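Engineer: Please work from the sequences and hints to get the whole structure.
Just so it is clear: in the sequence shown, position 49 is 49 by the working numbering, and no numbers are missing.
Simulated from the structure, these hints should not be mistaken for laboratory data. The structure displayed is predicted, hence computed values, not measured ones. One or more hints might be untrue.
As the list claims (entries may be wrong) - Taking lysine to any residue pairs in the SDA-like style, the calculated list, with each CA pair at most 20 Å apart, reads:
#1 K200 x K21
#2 K201 x D271
#3 K202 x L303
#4 K200 x S244
#5 K201 x L60
#6 K21 x L60
#7 K200 x A233
As the list claims (entries may be wrong) - Using C-beta positions, here's what the derived DEER-type ranges look like:
#8 E320 x P232: 30 to 36 Å
#9 E173 x E427: 36 to 42 Å
#10 A354 x E210: 18 to 24 Å
The beta-carbon is built from N, C-alpha and C at its ideal position, and this holds for glycine as well.
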Amino acid sequence: MTTSGSHWEQAALRRASTIAKEFGQAQVDNGHLALALLELFPHVTHGWETHGVTADEVRLGLRRDLTPSRNLRGHDFTVAPPAGKVVISRSVSEALQHIGPDITTGADIDHAEVASLSKLVVGLLPERYRALLNSNGVRHGDSRPATGERRPRVGTSRTRPASIDTFMMDLTEAARAGGLDPLIGREHELHQVIRVLCRKKKRNPVLVGEPGVGKTAILEGLASRIATDRVPAPLVDAQVVAISLPSMLEGTRYRGEFEGRAQALLSAALDAEHPLVMFVDEIHLMVHAGAAEGGLDLASMMLGAMARGEVAVVGASTREDLRRSLHAAGPLARRLQPVQVDEPAAADTLAILAGLRPSYEIFHGVTIDENALTAAVESGRRRHALAGHQPDLALEVLDDACAEARLRRCERADPTPPVVRAAHVDEVVADRSAADRLTRGRWRDVRPVWWAGKRWRRTRRRQD
Numbered sequence: 001m002t003t004s005g006s007h008w009e010q011a012a013l014r015r016a017s018t019i020a021k022e023f024g025q026a027q028v029d030n031g032h033l034a035l036a037l038l039e040l041f042p043h044v045t046h047g048w049e050t051h052g053v054t055a056d057e058v059r060l061g062l063r064r065d066l067t068p069s070r071n072l073r074g075h076d077f078t079v080a081p082p083a084g085k086v087v088i089s090r091s092v093s094e095a096l097q098h099i100g101p102d103i104t105t106g107a108d109i110d111h112a113e114v115a116s117l118s119k120l121v122v123g124l125l126p127e128r129y130r131a132l133l134n135s136n137g138v139r140h141g142d143s144r145p146a147t148g149e150r151r152p153r154v155g156t157s158r159t160r161p162a163s164i165d166t167f168m169m170d171l172t173e174a175a176r177a178g179g180l181d182p183l184i185g186r187e188h189e190l191h192q193v194i195r196v197l198c199r200k201k202k203r204n205p206v207l208v209g210e211p212g213v214g215k216t217a218i219l220e221g222l223a224s225r226i227a228t229d230r231v232p233a234p235l236v237d238a239q240v241v242a243i244s245l246p247s248m249l250e251g252t253r254y255r256g257e258f259e260g261r262a263q264a265l266l267s268a269a270l271d272a273e274h275p276l277v278m279f280v281d282e283i284h285l286m287v288h289a290g291a292a293e294g295g296l297d298l299a300s301m302m303l304g305a306m307a308r309g310e311v312a313v314v315g316a317s318t319r320e321d322l323r324r325s326l327h328a329a330g331p332l333a334r335r336l337q338p339v340q341v342d343e344p345a346a347a348d349t350l351a352i353l354a355g356l357r358p359s360y361e362i363f364h365g366v367t368i369d370e371n372a373l374t375a376a377v378e379s380g381r382r383r384h385a386l387a388g389h390q391p392d393l394a395l396e397v398l399d400d401a402c403a404e405a406r407l408r409r410c411e412r413a414d415p416t417p418p419v420v421r422a423a424h425v426d427e428v429v430a431d432r433s434a435a436d437r438l439t440r441g442r443w444r445d446v447r448p449v450w451w452a453g454k455r456w457r458r459t460r461r462r463q464d
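Structural biologist: Here it is as structure tokens:
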């Protein structure tokens with residue numbers, strides 16, 4: 001542990017290191033330092049009780065989160081102090097540098113010092129505690145009651161927790177900025193999605209189709225419709241946001257951190273000034289997402305609000321993934337309204353490529369010949385050569401062909417814009433076919449080993 005810094009920094013780090021050792025952990029993280037500061041400086045919580053949040057509640061919750069989980073058979077782990085000195089994490093070191101060196105322990109610290117420590121403590125708390133404090137009126141960086149103010153709604157962009165924005169992408173704003181491709185066709189599927197979203201209850205359509213058939217494009221088309229005010233009254237001024245489940249799970253080391261993020265997301269949806277439509281790609285991953293021992297997964301936390309129509313969730317998944325994951329999650333399955341998305345016909349795929357041709361020409365600085373579009377669509381029929389589904393397969397082939405023509409122009413130092421022809425598409429298809437055959441050949445080599453491992457795991461489960 002470092003020996004530099006003011007007296008209070010050293011005292012806080014010593015206490016945080018002791019707490020880390022008590023729980024058998026070899027690194028001092030934000031939770032350890034927050035708990036140490038709450039014990040050394042109880043003055044920072046004086047304003048919390050006014051808003052119904054007690055310091056003891058937060059301290060007990062932090063200690064519960066730091067407690068090691070039980071193992072799979074239900075036996076407690078033996079907590080052993082780590083060998084040697086504990087390590088100070090970078091986030092803790094950076095947090096301590098934002099507070100002045102004149103603070104001392106004891107009861108004689110002034111209000112400015114209390115405010116500084118309160119700002120540090122609230123910033124170190126896990127997300128669910130910060131959301132609890134914010135929802136009860138405790139301002140970030142101030143332990144005094146926020147009286148005389150009218151707090152805006154949580155769902156507005158001005159008050160929404162910044163941590164939520166790290167796993168959300170505003171598709172409506174992207175559509176207004178011209179950052180989304182236009183939706184070509186798919187009017188029937190989009191009509192079904194809008195109809196489900198306009199229901200009173202269970203407003204949760206899920207797009208079911210194979211990978212590459214254009215499920216995400218339908219949601220982008222919905223965002224474009226909302227951005228141009230071409231939707232019914234229940235969706236006017238709605239906000240379509242894409243939720244990234246991996247980003248929500250990232251960095252959740254302690255028990256309760258994921259639940260805090262999920263609760264903050266749900267609160268933002270419930271308290272939003274305008275309707276909030278949440279798009280979850282691979283929605284089957286909501287089942288067991290973030291679930292720990294004694295905790296709830298994301299699907300369980302949102303079931304009630306989804307059933308009552310208080311939140312609108314739009315999902316996307318394949319039929320097989322949805323069937324396999326929702327087989328044991330009947331309550332979630334009953335709240336979803338499937339919308340089938342089939343692979344488009346060749347004529348529809350050609351229309352999609354023709355509609356998106358200008359964006360590819362502008363991006364690559366090329367001119368795409370009509371025969372190149374036809375060749376890209378025909379490549380999807382070579383199932384023995386390429387893996388994938390239309391229209392994404394044809395779009396990928398066309399994108400590769402444009403990149404190939406652009407690369408050749410650079411190699412020749414030719415200033416004239418190249419023309420993408422069917423020959424470029426055929427060359428790209430040949431290269432991709434060779435790569436796919438190599439991948440399938442490697443799978444044939446490892447498949448016997450994979451099946452042997454699966455049989456061994458099944459036998460072990462029976463024995464256990």
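Engineer: The structure should be examined with respect to each hint, and the outcome stated for every one.
Structural biologist: Hints, one by one, checked against the model:
1. K200 x K21: This hinted pair is violated, its Cα atoms lying about 53 Å apart.
2. K201 x D271: Holds. K201 to D271 sits at ~17 Å (cutoff 20 Å).
3. K202 x L303: holds (10 Å)
4. K200 x S244: violated (26 Å)
5. K201 x L60: violated (38 Å)
6. K21 x L60: holds (17 Å)
7. K200 x A233: holds (13 Å)
8. E320 x P232: 30 to 36 Å: At 33 Å between Cβs, range holds.
9. E173 x E427: 36 to 42 Å: holds (39 Å)
10. A354 x E210: 18 to 24 Å: holds (23 Å)
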